[in-house]
Structure formats: C-alpha cells, structure tokens
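These protein sequence lines are chains A and B, in that order.
Residues 25 to 417 in our numbering are what the first sequence lists, from first letter to last.
Residues -16 to 224 in our numbering are what the second sequence lists, from first letter to last.
A portion of the hints provided could be inaccurate.
Simulated restraints on C-beta separations [unchecked claim]:
1) B:ARG50 to A:ALA393: 49 to 57 Å
2) A:ARG44 to B:VAL(-3): 37 to 45 Å
3) A:ARG44 to B:ASN19: 51 to 59 Å
4) B:VAL(-3) to A:MET213: 47 to 55 Å
5) B:SER198 to A:ARG45: 37 to 45 Å
6) B:ARG50 to A:LYS328: 51 to 59 Å
7) B:GLU54 to A:ARG357: 57 to 65 Å
8) A:LYS328 to B:ASN19: 15 to 23 Å
9) B:ARG50 to A:PHE306: 52 to 60 Å
10) B:GLN160 to A:ARG34: 27 to 35 Å
11) A:ARG44 to B:GLY119: 23 to 31 Å
By construction, these hints were calculated from the structure, which means they are not laboratory data.
The beta carbon of each residue, even a glycine, is placed where N, CA and C say it ideally should be.
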Amino acid sequence: MFDTLRIVFRKEVLDNFRDRRTLLSALLLGPLFGPVVFAFAINLSLKQSLSDASEALDLPVLGTEHAPNLIGYLRSHNINVTEAPASFDAARNAVETGLHDVVVVIPEAFGTDLAEGLPATVAIITDQANRQADRESRRALQAFSAYNQEIAAMRLSARGISPMVVRPLNIDVIDVSTPSGRSAMLLGMLSYFFIFALLTGGMNLAIDATAGERERGSLEPLLSLPVTRDHLIFGKIAAACLFMAVSLAISLVSFYVTLKFVPLEKLGMTPNFGPAVVGTAFLLLLPFTLLGASLMTLVASFTKSYKEAQTWVSVVLIAPTLPILIVSLLMVRPSLGLMLIPSLSQHLLLVGLIRNEPLDPEHVLVSVAGTLLAGAALAWVSARLYRREGLLG
Amino acid sequence: MIRVDKLGKSFGDVKAVRDVSFAAPDGRITGLLGPNGAGKSTTLRILYTVLQPDEGNAHIDGVDVVRDSLEARRRIGTLPHGSGLYPHLTARENIAYYGRLYGITADKLEESVDRVVRDLGITEFADRRTKGFSQGQRTKVALARALVHEPQNVILDEPSNGLDVMATRSLRELVRQLKAAGKCVLFSSHVMQEVAALCDEIVIIAAGKVALHDSPDGIRNSTGCDDLEDAFVKAIRRAER
C-alpha cells in the first residue's frame, strides 16, 4: 500500500511543481495575499491615528490680529497658525470644497469682549463627516478649551477664589489592555489569512484528483491500473497536504517579515510573533491540512468539470471563516468544547499565542486530535466516493 | 485470452449491454465493431474493470474481472477512449509512472521504459513534456504506457480516432507485432476499413447484443454480401429489428 501511495505522491508533487498555475496560486498569491493586505491596511490606519499630538497641526486662522495672545498660546502648543481665506464666507466655502479641513475665525469683537469679561466668540469651521477634519477640529477644540480654562483660572485667582472650585470632578480613564492584548485584536484576523493560504496551496491538487484527471482523460487509464482506488486517492490527498503545508509555511514567514515593517509599537502594541511563535503556529495549523485537502477533494469529486470544481472549492475557502466570525462576534473565551471545532480551535489557540498566553496542553491535544479525526473521516468519505462508477462521468 | 459470458449492464433505464458473449483468443486480433452507442465501450470498460457488470461475467486469462479485479488488471494493457497524458511530465515520465504503478521494480523500470519507447518509435520526443504533443504522438505514448508491463492481453478502445494516415498505419503495424508476439488483442472501432484490414475475428455489436461473430470471410458468406460494409449494415439491421 505504501509503495502505491509513495509513487502517486511523488508523481503529484513533481507534476504540480512544474505547473505554473499551481505554483503561482499555491506558493505566491495564497501565502502573500493575506500578510501584504494586512500590513498595508494596518499601516494606513496607523498613519492616520498617529498623526495626533506628535505632529504640528497646520491651522488656518482668520483674524489673528484680534487675538495675539491666543495665537501665541496656539503656537506654543504645537499648532502652526497659517494664512486663512480673507472672509468668513470664503473660509466657509474653503471648508465646504475641501480646500481646508478646518478654519478658525476670530471676530473683530474678540479682544473687547475678552477685556470686558463677556464670552468671546471663536468659530471653528469644519466638516464633521470628514474623519481627518474631525480629528483636526478636535485638536483645535482641545487647544481652545485649555486656553479657556487657563483664562478662567486666572480670573478666579484675581478674585481670590481657588480655581479648584470650578473643577468638582477629576476624570481619569485607566486603560488596562496590555500591549500584546491590543495587538491580538488586530492579529486575530490573521488566523484566517493563514488558513486561507493553507487551503489555496492544495486547491489545484484536490481538484486534479477527480475533475482534473477526468477532464484530461487520464482518469480512466489510471483506474485501470492494478492498484486500489483508495491508495490513489490517499496518495493524492497526501500530496495536497504537502502543498498546503508549504503554502502555510511561506505565509507565516512572509507575515513575520512584513510585521517588521509595521510600526505596531507606536500604538503601544508589541505583537508576540517571533520565530518561536511562527514555528508553534505552523505546528498548530498543520493538522488542518488533512482536513482541508480531504474536504476539497470531496467537494471536487461531485463536480463535472475543472471550472465547476473551482467554483465549489472556492466555497470551501470561505467556510472556515464562519466559526471564527461567529465566535468573534460573541466574544467567547476558549473552552475545551470549542477546541473540537476545526478552524475555530486553531484560531483561538493562535490568538492566545499572539497574546503571549501559555498554551493549554489539553486544548492543544483536543484541537490536534479533533482536526485530524475530522480530516481522516473526510478522507475516508472521499475514498468511498472515488470507488463510485459515476466517477468516470 | 479474454472470455465474455452473457454480459449485461444498465445505466438507469438504459440497457447499454444486454447479452454479450464472445472469446478473444491469444495470438489473434479481435475487432469489436458496431455503431456509436452500441455498447462497445461499456463492454471494454467492464473488461478493464472500471465498470462492474449487472449480469454475466468476464475472465482475463481465466481471472474473474469482478472477483479478482486487481489480478485481472495486471494481465491487461489498456488504451481507453481519449486517453490523456500528464502534460507537465515528459513522455518517459508518463510511461515510468504507469510502470511503477504496474509494480515494475526500480531496477527493471528503466529497461522496460526503454523497450516500449523503442518499440513504439517515440525515442525522438520521449524526453519532452507531453504538453503540445500531436494526437498521434499522444496515442503512441499512451500505448507505450499501456504496454510497459508486457501484458498478455491488450484492449484498445477506438485507438485510431483522430489519427492521420501515417499514424494509423504505424498503429496497425504495432497491433500486428503484438499479434505476432502471441498476445490477445481486442479493439473496438466503428470504422469498417480498419477492422477489415486488421482483424482475424470480428464481433459485431448492435443495440447491446452480439449480432455476428465470425472471421471477415465468414461474415461475408453468412450475410451473402461481398462488401464487408454491406455485410455490416445487414447484420446491424437484423439485430436491431
């Protein structure tokens, strides 16, 4: 039996390593797609939120001459006061058309109102539907509030009253999320990217076992050879597993590399994704290859042609997201029962790993055994289906 | 030696093969002749065991194709209809893959592959990947693949389909060589001239039944037609009535 298995396995590996289509999707597109998209998306969102306090804000102000002290205050708080449109209407128009995100208008009466102790008006013109503008206007608002409090405190002190009188509350927000915990939220999406890469790796091989061989006309001569169909299909599934494992490894390593270029630590996140984690993640996901290869082979065996098989097998690519999605929405903690569900168990273990939590050996055991068992069952079913006469089409 | 007894096979409501019995002896070329859909391919598929009969039985060198299908398969070389190759493997690799699966040991494999490559005259393109091969080249490689384990029985399903004159000629030559080597050759065709030119025995199948089984001369005599084609048409009309 092992002779046949080995012969089929070797042939499938050689055959597919020479197939540019398989190589491209298995070893390049599948594994790199996830990490690259991920790194790109994270980088983009980081750039937006990092622009906060660290960078100077360019703020066009109309009527600077009416409030020299206020302008001085703004300048000392990392805000560059720049040239603004010449009138209130022009400023409004400039924000509406997107020329400026935020324009501050200081009316002529500002100085006299302030001197007389009347509330002096400052207008911040902004488009709050625009996220970038919203962030800039919030910074301007914060600066004005701080200035407001400073003047108020001075006025109270001048009248012999402690400024504390108008601060009955002192509000502190204490964020207890750990840096690794915060990155786990982002990196939790990753487990799916890895499973996706893994599945893409073996997709063409799984289709080839039935629909591909049939379309090429090589199935019938193959089945007339003096070997059992079980051995043929198991050899093919084994070859698909190898491609899936290679694809997974490339995906993990390429993610490890891309992560070096993502400034997650600027958000206070330290992703726990070193070489040891890469290795452990590989081993945790490895049992999923048998399940994926068998499931895809099974699905493809029902189809009439290569094209049709591709369509249905693509559905299999999406299937593992379902348990992950449901559990992420419900915010479930890992439990022994959940470890029985393939793809979900790998996801939960991976998230724990990235959070730098110790792996529960019991969970690992149940995940590995459960996934392997499900894979073996599906391989058995595909072998049963491979014995059908209808297989010839 | 191939022996078929009262074979029957249905697909759903369609009775593809009703009652087919014949014997194809060693050292002779037996042609299975019949119109499209007569049940030729189904009969051959049962012989090389990818289908199982509903009724009757078949033996290859005395081995039952249902009860001991692996042993039966070992004794035949098959060229199914529209045989496909692996396009990313060379002709030699395609042949060697089958050789291994036929159980040829590693030390004898190269020798066996070399032999069929020589016998079929494919040395010239043996080390090229089969992608882009002509139909003639493909058929030759598929045939080499089927003969790599030196089977006693050779089953060919419409082997000359899609071949040009030269390729058809060399195929005929090869079939005659197999006969000379004492092999049992069974092939199907719907082309009269081919069968007439090659066969020692003709089995005419129509509507899933054997309409006639005789030598080409015997068929001419029994139908009273000098022309084999007329004889063929007459035999089929009689069977379908």
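Practice prompt. Go ahead and decide if the range 37 to 45 Å is satisfied by the Cβ distance of A:ARG44 to B:VAL(-3).
Written response: holds, 42 Å
Worksheet item: Has the hinted range 37 to 45 Å been met by the Cβ atoms of B:SER198 and A:ARG45?
Response: Violated: the Cβ-Cβ distance is about 52 Å, outside 37 to 45 Å.
Practice prompt. Can you let me know if the beta-carbon spacing of B:VAL(-3) and A:MET213 is within 47 to 55 Å?
Written response: For A:MET213 against B:VAL(-3), whose Cβ atoms are near 53 Å apart, the range 47 to 55 Å holds.
Item to complete: Note whether the CB distance of B:GLN160 and A:ARG34 lies within 27 to 35 Å or breaks it.
Response: Roughly 32 Å apart at Cβ, these two residues keep to the hinted range, so it holds.
Worksheet item: Taking the CB of A:ARG44 and the CB of B:GLY119, does the distance hold inside 23 to 31 Å?
Response: holds, 27 Å
Worksheet entry | Supplied distance hint 49 to 57 Å, evaluated on CB atoms of B:ARG50 and A:ALA393 | violated, 39 Å
Worksheet item: A:ARG44 and B:ASN19, beta-carbon distance inside 51 to 59 Å?
Response: violated, 38 Å
Fill in: Beta-carbon spacing of B:ARG50 to A:PHE306 - inside the hinted bounds 52 to 60 Å or not
violated, 47 Å
Discussion item. Quick check on a hinted range of 57 to 65 Å for B:GLU54 and A:ARG357, using CB atoms only.
Written reply: Holds, since B:GLU54 and A:ARG357 (Cβ atoms, about 58 Å apart) stay within the stated range.
Discussion item. Is 51 to 59 Å respected by the C-beta to C-beta distance linking B:ARG50 and A:LYS328?
Written reply: For B:ARG50 and A:LYS328 the Cβ distance comes to about 32 Å; the hint is violated.
Worksheet item: Using the C-beta atoms of A:LYS328 and B:ASN19, is the stated range 15 to 23 Å upheld?
Response: Cβ of A:LYS328 to Cβ of B:ASN19: about 21 Å, so the range 15 to 23 Å holds.
Going through the hint list in order, the structure does not satisfy hints 1, 3, 5, 6, 9.
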